[in-house]
Amino acid sequence: MSADQQKDTPEQAEFRAHAQAWLAENTPEPPTVRLPQSPLEIMTTDQLSYLQAWQKSAYDAGLVGCDYPVEVGGGGRQNCQRIANEEMRRARTPFMPNVIGLGMAAPTVFYHAQEELKQRLLPKLFSGEDIWCQGFSEPGAGSDLASVQTFAERKGDKWVINGHKVWTSLAHFAEWMILLLRTDKSVKHDGLSYFVVPIKSALGKGVTVRPLIKITGETGFNEVIFEDLEVDDSYRLDELGKGWQVAMTTLAHERGAGELVTPSSGGMKSESTHNTSAMALIDLARRTARNGATAAEDPLVRDQIMQQLIREQGLAENNRRGRVTELLDHPMRLALQNKLLMSEIMQDSAGIAMDIEGAAASLYLGDGSAPDGGQWPMAYMNSFGFTIAAGTSEVQRNILGERVLGMAKSK
Amino acid sequence: MSADQQKDTPEQAEFRAHAQAWLAENTPEPPTVRLPQSPLEIMTTDQLSYLQAWQKSAYDAGLVGCDYPVEVGGGGRQNCQRIANEEMRRARTPFMPNVIGLGMAAPTVFYHAQEELKQRLLPKLFSGEDIWCQGFSEPGAGSDLASVQTFAERKGDKWVINGHKVWTSLAHFAEWMILLLRTDKSVKHDGLSYFVVPIKSALGKGVTVRPLIKITGETGFNEVIFEDLEVDDSYRLDELGKGWQVAMTTLAHERGAGELVTPSSGGMKSESTHNTSAMALIDLARRTARNGATAAEDPLVRDQIMQQLIREQGLAENNRRGRVTELLDHPMRLALQNKLLMSEIMQDSAGIAMDIEGAAASLYLGDGSAPDGGQWPMAYMNSFGFTIAAGTSEVQRNILGERVLGMAKSK
Amino acid sequence: MTQPDNFGFTEEAALLKDSARKLLAEKFTADVLHGMVAGDPTPERGPALHWDEALWAQMQELGWGLLAVPEAQGGVGMPLVAVAGLCEELGRAAFPCPLLPTLSASYLLGAAGAGGEAPLEAIAEGATASLAVSDANGSWDLAQTPVECIDGKLNGTACFVQDIGKVSHLLVCARNGDTTGLYWLAVDAPGVDVQADAIVDLSRDQGRVVFAGVEAMQVCADASAAFARAMPAIWTLYAADMVGAGEWQLQTTVDYANQRQQFDRPLGFFQAVKHQLVDVMVDIDRAKSLVYSAACAWDTEPEEAARYAHMAQSAASDMAASASSRSVQCHGGIGFTWECFVHLFFKRQKHSQMLWGDGPWHRARLASIVMG
Amino acid sequence: MTQPDNFGFTEEAALLKDSARKLLAEKFTADVLHGMVAGDPTPERGPALHWDEALWAQMQELGWGLLAVPEAQGGVGMPLVAVAGLCEELGRAAFPCPLLPTLSASYLLGAAGAGGEAPLEAIAEGATASLAVSDANGSWDLAQTPVECIDGKLNGTACFVQDIGKVSHLLVCARNGDTTGLYWLAVDAPGVDVQADAIVDLSRDQGRVVFAGVEAMQVCADASAAFARAMPAIWTLYAADMVGAGEWQLQTTVDYANQRQQFDRPLGFFQAVKHQLVDVMVDIDRAKSLVYSAACAWDTEPEEAARYAHMAQSAASDMAASASSRSVQCHGGIGFTWECFVHLFFKRQKHSQMLWGDGPWHRARLASIVMG
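Residue numbers (the working numbering), protein chains in the order written: chain Y, 1 to 411; chain R, 1 to 411; chain X, 1 to 372; chain H, 1 to 372.
Incorrect hints may have been included.
Straight-line alpha carbon distances no greater than 25 Å define the calculated SDA-like cross-link-like pairs of lysine to any residue that follow [to be verified]:
no.	chain 1	residue 1	chain 2	residue 2
1	R	200	R	154
2	Y	7	X	60
3	Y	7	X	10
4	Y	242	Y	7
Worth flagging that the hints you see were computed from the coordinates, not collected in a lab.
Produce the entire structure from the sequences given, and follow the hints as far as they go.
Here is the structure:
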């Protein structure tokens, strides 16, 4: 019996058996296209189709949206998403492409939309048929999210939207966007409202999506420009002027502190390149010659890798301890560290991998001699997406200092 | 010919020859008492007497106050203090006890006092006969120095002082204090004035000096309480309400960015215990057994010590480059780093020494088996005095960011 | 992997931890500690021994000293994870007592087979003990033990024996021909000369023990297996102590930063302070999670115990250093004084940081396990 | 110690540095660089070679390519400290050109005795060159050179040859029986196959060179002494390049932090940003001071040159990593885009960081010198 199983409720145990049986038959073959390092770098329709097919089949098997009610397309179960995630990770399935939909849009819609809208939107979100994106950041509103200027002007039952969103991952494939905008210019936080907006159907008619290129050379995130886009008032979530509170629901889930567990997987990827894992560094160090031996024999390299291993294990044990209330003084203390730690560990792992590679870290994806196909310099550059997006590491430290340690706001 | 000598002016060359000749004959014997790790920890009159005798003889030989005018007791030379310091360091003389007088009070008095006061105060300051202390910090005014509350109320030609100063090194031996206080409660910075105050003569009559004990267990710094102390208006430096500007002169010199070079020495101390130097760490590592070899053979220890060596050499080369204007983009950029770097290097060196000692770092001065007589844990604890006093490292980084990089004030 | 998801931290364990916390919060706050141990500040002060024997006696009555003694020998036989919770609380109070060394000795005795039973019974009846294994170089390696057993008599000098002034017995590692055995004796046995160290840490005592032809009871002739089994438990408990002390350092410094005003703002407003303390919190949480994971591994997956204990001790040792440094720095001038309680925990943590191997040492061992 | 207090940085050196700075500020700003090299962002892009040959020709006319060639061979024979000043400025512009490799070759040739004279004369007349010494593992150790000279012909594959697409000649280290010699040849000599690498850095090019029975002129049969003499100069110049690029990263990021508003404040108001950038400044200044000290040591105290060069390269390499990381992080989202110039310097610095040994490698060498 595995450790995970020991504490299963009867419902969980039954569900786990189902998941294991299904996955044994249905874990997809590796793709023929190169997969990106995360769902946020999906560039081509080939990549998307492969991943969408996987999400659809997992949804049909009941492994996505397990804990949402049946009426909104969920599985109607109790605490089973975590079981599904564990089993998918173990089975090394691909990751799911609708990552913003599942992780951020779904809980936000679930907690803040009217019943009818939930029932309409969530099933296709879970199945991956509708890809979602997030319209939060603007050129002038990054860490200071509450300063968004995208404006919706009332026009009867409609709203007319103008503005400019940036760093919008997946917008080039997205059917829907969760959109934080301003409906009142006279107050800051209380002037914000929150909408879901069908953007694909409005492309060329009030919505323009332009790809931005990342530091790595990849596309995958975009600017989205709204010019007199009309949307119905029924697409508004929660009350007018409550956009900031709704956004907090979104961000809590993005930072791993939300109430609903996000369907996730990605075992395949982490197995195939050992991405960000200390085990991958060990593997790399063993293959890398250094001073007449291998880098794995260098005491400084060993110490660095062990530090990474300890940080990674520490994060895993944090997540475990986060469920043991007797060992937790403050309910948010560990959950709010998650994004900060994960992104910084990822960055340092990739940086250490480049150090291990030495001169060969200069070689990129187009070079046949690049160790691990040039993935490490790419991972290192991509890691800054994670220490910057969704609240920079600096903002995360503010949040921890203020919400957990109770220190005065730094702004 | 030494490197230092190469660029000597004729006056400097002649003075260097004099200094070398005098030091060859007059460098004092090591004391019989234990000397403290810096002048700020002088605890006993035995320690003080030994050090005062040395300062007096160095002053009489013309090695102190070299670049001040003859009228105020100086040597009337041009750029010769640096020469004297180099030669004293080379000759491994003891340090001078009147460190606050020489480094902070002297330039402040020189730039801001009336001629008569200068002529009265500076000769005994240079000779070490009058020890000086600094009354800046208060219980409520640390990093935020401008919030001092010690108040002087006008009474004819006199001022009546009430207040409470803390962390006052050497106050228990001091004849004089430089004192930053408030003469106007209605404005913050512009309500400050600056005095020199004869405190020893007022002990028990308006001035109380109480020793504070440091984290190390040493005494050497104090609280000073003023209760209706009367001082003459002629002891005021510069104009009423200009105290903040005068204090800036003091702090610039304290942080190593002042115009006048401070007489300094301390070669003996740094030789006898290699205090804070990477060479001392090497020496310690060679004497310390670890895993069947010595710590000096441990690649991680070697790497750490080399990092310290590089930081120390970098600081020395900064000071050298600070005098080559062609290689300096901003005049204050290197000078303002000095205190920050020196204090943090010192702290990390002592910390690394304790790591090298391992379990033996638990042993303190009273233990016969303590490596290096227990100096390293003491040095580590004392190092926080340097990263806290005279502007914490955090404040130093603000100053560098604001004055050198032109970033907005953080407060 | 058969580790329970909740570390096996049962209600009983929670109760033990909670009652320790309450007892110490009531009876042994930092000002009580300061009043008890900080009377003589002089750097040249000699060895000292200050502790609250009455409170320790009360703890003994509660059975804390015999938590690690198996039920068969009259003890409680609590899982390590529960004992770690207790040690975290004692660390939070920096409570001077011989619990950690006695637990350490208990785990070693418990792993030593039949010979360990009599000493364990003594512990169950109130004996306390400390482990004598280190040489003057501070090696904690069994093979480097500086004591020898010749013709049944112990000779040599063991160093860095923890809380030696507070224990009744010693568990000695001594070379015995080709192997290293374990020996049990009373501290006041003839031929034992205890020389107390003058140490920085005010919340502990430490000493060297000179054995000159001392007769002792042999627990086992070859301690290597027992040592390998017990060390991960010992590392875990010392790490738990550091976690508790780190938490005190964090909370006390946060309180100060929230209350102290500079530039018309509480210190905690300034990111230079706030982010330092957040980093300390992150370090503490990592160490704490790894401590309970290591304890759980020791309880449920013995063959993996060393791996997890090395991680816990490495994280805790590094955290002890950083939390100590930041607690003084963020307190500013007041943190540099003897009157401020911060130095008590600073000194305890700098002491703990080095006990039973520091971060790099544990990572080197971990690397041998993981990388070969 | 006979080092001049001002590093021997003469008026002439200042003039050279200043004129380079002005020329590049006028002709080669970061937007020019971006327009020239950043046309194809695709991660799978192949090798590329983009540079301003006309501007390089102008620099050659100014004599920069032959600064390290002794006067006897028709060069300028400038002190290293002056050349370091120039390289700092080229680094500040991330100017793609073969100056660093040509200077590197020049110093090695200059140390190689009489055999080096003819190649140096070629450099004085406009030839450019790069050094072929590294194997596929990125070792820069002379003894590990992957090229062999058998019967006067070169065979093997040299890797990580810098700016190979921009140079006319190669200086090859090749094993020759028991010793390793130096060989000089044109890049287009028969039997030489240059295979360009696809690299991250957009401001440089790099390649592997396959030698298949190539005839080459022997400069010297045993290069060990020349290599030992020249390497500190090479390390120093690459470190100077990193210092210049680091300064660009710092100034650009500071400008952004001063201009970008969040929470109604410029970013630089926030200590989390401000202190990161101060730390970068401190790192740059340390590296810069050590670079001029190392150059001065090479000029005036050759027996100490390696010690100082190891320090300079260690400091510069570590700084290149930290300045790069912080330049992107403090730019936030915009710093993560291809359109923002920050990535050009980020990539150059991550490349430079690894060339000729990274920080730990130089510190290990330094430790051998200092500690034995």
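For each hint, the structure was consulted:
1. Among the hinted pairs, residue 200 of chain R with residue 154 of chain R is consistent with the structure: their alpha-carbon atoms are about 22 Å apart, no more than 25 Å.
2. With a CA separation close to 35 Å, the supplied pair residue 7 of chain Y and residue 60 of chain X exceeds the 25 Å bound.
3. With a C-alpha separation of about 13 Å, the suggested pair residue 7 of chain Y and residue 10 of chain X falls inside the 25 Å cut-off, and the hint holds.
4. For the suggested pair residue 242 of chain Y and residue 7 of chain Y, the alpha carbons sit about 39 Å apart, so the restraint of at most 25 Å is broken.
When the structure is compared with the earlier hints, violations turn up for hints 2, 4 and for no others.
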